[in-house]
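Since each chain sits alone in its own frame, please combine them into the complex, following the hints.
From first to last, the protein sequence lines are chains A and B. Note that the working numbering numbers the first sequence so that position 283 is 283, with each residue one more than the last. Note that the working numbering numbers the second sequence so that position 122 is 122, with each residue one more than the last.
Mimicking DSS-like on lysine-lysine, the simulated pairs with C-alpha atoms at most 27 Å apart in a straight line are:
#1 A:Lys-47 <-> B:Lys-75
#2 A:Lys-12 <-> B:Lys-75
#3 B:Lys-75 <-> A:Lys-112
#4 A:Lys-112 <-> B:Lys-47
#5 B:Lys-75 <-> B:Lys-140
No wet-lab data here; the hints were simulated from the structure.
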Amino acid sequence: MIGKSFVKSVVKDLLKLASIELPSDVKEALRAAYEREVEVLPKMQLKAILDNIELAEKTGTPLCQDTGVHVVYVKLGCVEVEGLEDAIREGVAEATASIPLRPNAVHPLTRKNPGTNVGLKMPYIYIEKIKDSFLEITVMPKGAGSENMSALAMLTPAAGLKGVKEFILQTVIKAGGQPCPPGILGVGIGGTADVAMKLAKEALLRPLGSRNPDPEVAKLEEELLESLNGLGIGPMGLGGKTTLLGVNIEVAYTHTASLPVAVNYQCWAARRATARIYPDGRVEFTSHKGGEKGVG
Amino acid sequence: MAEYRLTTPLEEKTARELTVGDVVYLSGIIYTARDEAHIHILEDLRKGREVNIPLKGAVIYHCGPILKREDGGWKVIAAGPTTSSRMNPLEPEFIEKMGIKGVIGKGGMSKQVGEALAKHGAVYFSFTGGAAVLAANRIKAVKGVYYEELGMAEAVWVLEVKEFGPLIVGMDAKGNSLYEKVELEVGRNLAKVRHMLGI
Numbered sequence: 001m002i003g004k005s006f007v008k009s010v011v012k013d014l015l016k017l018a019s020i021e022l023p024s025d026v027k028e029a030l031r032a033a034y035e036r037e038v039e040v041l042p043k044m045q046l047k048a049i050l051d052n053i054e055l056a057e058k059t060g061t062p063l064c065q066d067t068g069v070h071v072v073y074v075k076l077g078c079v080e081v082e083g084l085e086d087a088i089r090e091g092v093a094e095a096t097a098s099i100p101l102r103p104n105a106v107h108p109l110t111r112k113n114p115g116t117n118v119g120l121k122m123p124y125i126y127i128e129k130i131k132d133s134f135l136e137i138t139v140m141p142k143g144a145g146s147e148n149m150s151a152l153a154m155l156t157p158a159a160g161l162k163g164v165k166e167f168i169l170q171t172v173i174k175a176g177g178q179p180c181p182p183g184i185l186g187v188g189i190g191g192t193a194d195v196a197m198k199l200a201k202e203a204l205l206r207p208l209g210s211r212n213p214d215p216e217v218a219k220l221e222e223e224l225l226e227s228l229n230g231l232g233i234g235p236m237g238l239g240g241k242t243t244l245l246g247v248n249i250e251v252a253y254t255h256t257a258s259l260p261v262a263v264n265y266q267c268w269a270a271r272r273a274t275a276r277i278y279p280d281g282r283v284e285f286t287s288h289k290g291g292e293k294g295v296g
Numbered sequence: 001m002a003e004y005r006l007t008t009p010l011e012e013k014t015a016r017e018l019t020v021g022d023v024v025y026l027s028g029i030i031y032t033a034r035d036e037a038h039i040h041i042l043e044d045l046r047k048g049r050e051v052n053i054p055l056k057g058a059v060i061y062h063c064g065p066i067l068k069r070e071d072g073g074w075k076v077i078a079a080g081p082t083t084s085s086r087m088n089p090l091e092p093e094f095i096e097k098m099g100i101k102g103v104i105g106k107g108g109m110s111k112q113v114g115e116a117l118a119k120h121g122a123v124y125f126s127f128t129g130g131a132a133v134l135a136a137n138r139i140k141a142v143k144g145v146y147y148e149e150l151g152m153a154e155a156v157w158v159l160e161v162k163e164f165g166p167l168i169v170g171m172d173a174k175g176n177s178l179y180e181k182v183e184l185e186v187g188r189n190l191a192k193v194r195h196m197l198g199i
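If we strip away everything but chain B, and leave its shape as in the complex, we get (with noise of 0.2 Å):
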């Protein structure tokens, strides 16, 4: 388990590095995409359409932030993860076509998604679930927005972090699974669990 401090983009050889387990503290430019951004961004694209975010080599963030109009700007208030599971059909096209190289999000994500993560060199950040303001304190600026009209928890903001994390390698460009191997793990653990309960 190594610790790392990284800035984006992500290069896809920086990507290939890490391994499930690895700390991670991320420095740069991250947009935050959820439901919306993924359906919209990839409609775009299919009728033909420009999108123009530069997300070749980007970390995208599974967050619906709380943000304040502040001086003429916005400011963060509060900023964890979303739940990264309801990506699951979308992320692999997502990752494929945009070159993305990290997704920051919680819960962990499919088999599907794993094996995109692998086919293009990028990685899976779990970051603790509801650790709202401890993200938001990471978060130094929203440099701007895209699809501002799919309202505040769904249009993708471009926020300027330093050290954001920790964030855990949770499914790396190795077809490994953090998530996975807990799965197996509860597994084992079943006969254990059915025994104390008496079924």
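So that you can see chain A by itself, here it is in the shape it has in the complex (with noise of 0.2 Å):
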């Protein structure tokens, strides 16, 4: 049986980890960026990025102000947990006032905000049943500035494949420098208008360099990826080679009448954090290098 409040403890351990420390992934491909620029000002964002990166770390602090509000995706293998849900809703409160993180949550009407970041179906929680031994609970605390960006089309089936091109082309040029490029595109084509928008996001929880199983797929993430950085918006929109560091995609089967896709825009301080936990207390933190961690 895997306790309440060792889940408790691990959330809070993620959200502190996700909140100062980018993946390894996200900031090699920072780096790269940097390397890649030739011009003053685009040179200076990244610039500006990556001290901003190493000096989170180095002092232990948010490396974003927008600490976001917390989606969080489980993987439930065959493992008894007590207490699952409140354990990552009061994981997400006592994180919010020790760490501290930005209390955002609040009603969409009355805007109210309870100061802790948990409100009503908020944190929000995927659990997906698996078969392994163990729990994984992934965090991903994401900004508004970028997350305003998303969108949906519901194309029809004449649309097709440039359909698809022309909305993602669309939906990236009108985003320009607002949701702190160079950033991610997650994109999820097929399903419903919700599967659409829930693989969007889904797909930013894939590390750069990774590609799509579907060999058709992964052709055009990597031909998004390039066309895309030909437009020049550059960091910060104030332009540059550098608009995006990934295109990740997820596709779904549809409805027969139906061409969903969905953009889910990720800034460049693109956080997760990802953890296993084994029955026997172990925890593993496999989306940072160096994740290893005794019994806490």
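Put into structure tokens, the structure is as follows:
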């Protein structure tokens, strides 16, 4: 049995790790972008980003003041877990006070802020059952600047692949410098409206440089990345070669009369952290290099 | 492209001298103001209530910081800029009524805001989005807070800064906008990008 207080402490560790330190793949991509840029303004933006990453790690401070709202992905293996959802909610509230995180979660209409990042259906928790014998929890704190640039199009089959590409292109142009580029594009194609949007966000959980297992989709990821970087929006929308660090696409079968496309834009501060908890008390932080941790 | 070290409050003359692409480091006092602060201050003005924040010549910062109580005061933990475009509908009136001479944010602002900057002699500064620890490092003290009831992110925090930057002049008082320049560039690149995508 994995106890509730243990799950809670791992959730707090995950939120701290995610908000302070970027995953290894994102840091590497940002360093490569800095090397690639030649003009003064984009280079200056990436220099500030790299300095900020270093300073955040050194001081143990959240690297961006928008510490997001919390969508939590759980993979529940064949293990017994006590009070999983309560543990996550309490972990978010306690981490908000202790790290501290910015209290972002408000009622959508009254805008009332409980100050804990916990409210009705927030944190939002997805639970997927798996066959392994561990519990895996991923947190993805995501700011509103990039989330507000999300878009969904319910295209029809006649629009085809060209329509999909056109919609993604227009979404990136419209977003411009607002979602803190260079960012990552999460794209969901197919399913229903809600499934496409969910896939778009899940695509962002995949590390940079990984490709969709379907070669056709992988080709589309690479084609979009190279082409869209030709737009010249650049870091912070001030011009330059790097608008995107990556394009990740997830696909689901859809209705014969539908072609949903969803885009979830991620900022350069692409924060995520994953931990695997084993019944014997071992915890592995798999998103960050050197992520072994003993019994907590 | 010149580099300046300026002190707040800004004089209209100083603001008018700046050109897009210039790099500026600011010292003095800046005031955070985002969605709710804009809405409430303008509403108070419309209702004839007194707004006693000394914003004449001030530089405002589109920022919802993270702060921590420390030794009876406040300490800024992280304070990067927020997306400025959300304030587009409110900023022209805010600049005019409050006498703002500088706006710090990210992502740029609308043509209407650009016109207000030109009319009243003010500038828009771009600070690297997400560079919140870098920003906090240049904030030396929290001198006060207005509208605290709006919550940590939305309150107006009075921040004493030293060499706050690098800020890029993104929109100047001469009607220039770096964002419009990039938009034109994107427009020019569009045919090539479409061709690459086969659309």
